[in-house]
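Q: Sequence:
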Amino acid sequence: MNLKTLSAHKTAKDKRSLNDFYSDLMKLPSNNSLSKVGRQMVELLPCLENISWEKDVYAFTSHDVLILNSADDYQVSYIWIKALSHGGYDVKYLLPNEQAPWPFARVQGEATNKEEACKMVEIALQRSGGW
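Numbering (the numbering used here), first residue to last: 1 to 131.
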């Protein structure tokens with residue numbers, strides 16, 4: 001998967017990668033919960049990049065959440081990934097309108113490791129209807 005940083009996001013403007021952003025979080029004191037989030041997300045990024053997906057995926061961070069979009073636009077969020085304090089990941093995706101029982105309905109699941117999280121993201125890419 002070709003992860004591109006959303007052009008309007010601060011990391012893109014500062015010419016910093018997602019890996020740089022999460023590496024900076026890792027450098028926080030170990031008693032800061034964001035330090036663990038940084039480590040987990042740095043471990044997850046290569047797995048995400050290895051997902052076989054031909055279309056571009058735009059990414060940005062919102063606090064400790066990694067958001068994946070089909071367009072270079074904040075208004076089109078489809079997949080959200082969050083590192084959890086106990087070591088797993090929370091993955092959510094937006095259901096396509098024709099499948100949603102109400103507006104903006106989402107599917108949410110918890111992965112116990114990065115491999116499960118990447119598989120969930122791959123399914124979300126296929127089922128979200130965003131691409």
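Mixed in with the good hints there might be a few duds.
Stated by the list, open to error - Keeping only pairs whose Cα atoms sit at most 20 Å apart, straight-line, the calculated PhoX-like set for lysine-lysine is:
#, residue 1, residue 2
1, 4, 55
2, 114, 92
3, 114, 82
4, 119, 82
5, 92, 82
6, 27, 119
7, 15, 114
8, 36, 82
9, 92, 27
10, 92, 119
11, 27, 82
Simulated from the structure, these hints should not be mistaken for laboratory data.
Q: Each hint should be assessed against the structure and marked as holding or not.
A: So, going through the hints one by one against the coordinates:
1. 4 - 55: Distance ~11 Å between residue 4 and residue 55 Cα, so the pair holds.
2. 114 - 92: Given pair residue 114, residue 92 holds - Cα atoms ~15 Å apart, limit 20 Å.
3. 114 - 82: 11 Å, holds
4. 119 - 82: Between residue 119 and residue 82 the Cα gap is close to 15 Å, so the pair holds against 20 Å.
5. 92 - 82: This hinted pair holds, its Cα atoms lying about 9 Å apart.
6. 27 - 119: Given pair residue 27, residue 119 is violated - Cα atoms ~28 Å apart, limit 20 Å.
7. 15 - 114: 26 Å, violated
8. 36 - 82: 12 Å, holds
9. 92 - 27: 27 Å, violated
10. 92 - 119: At roughly 12 Å apart (the allowed maximum being 20 Å), residue 119 and residue 92 satisfy the hint.
11. 27 - 82: 18 Å, holds
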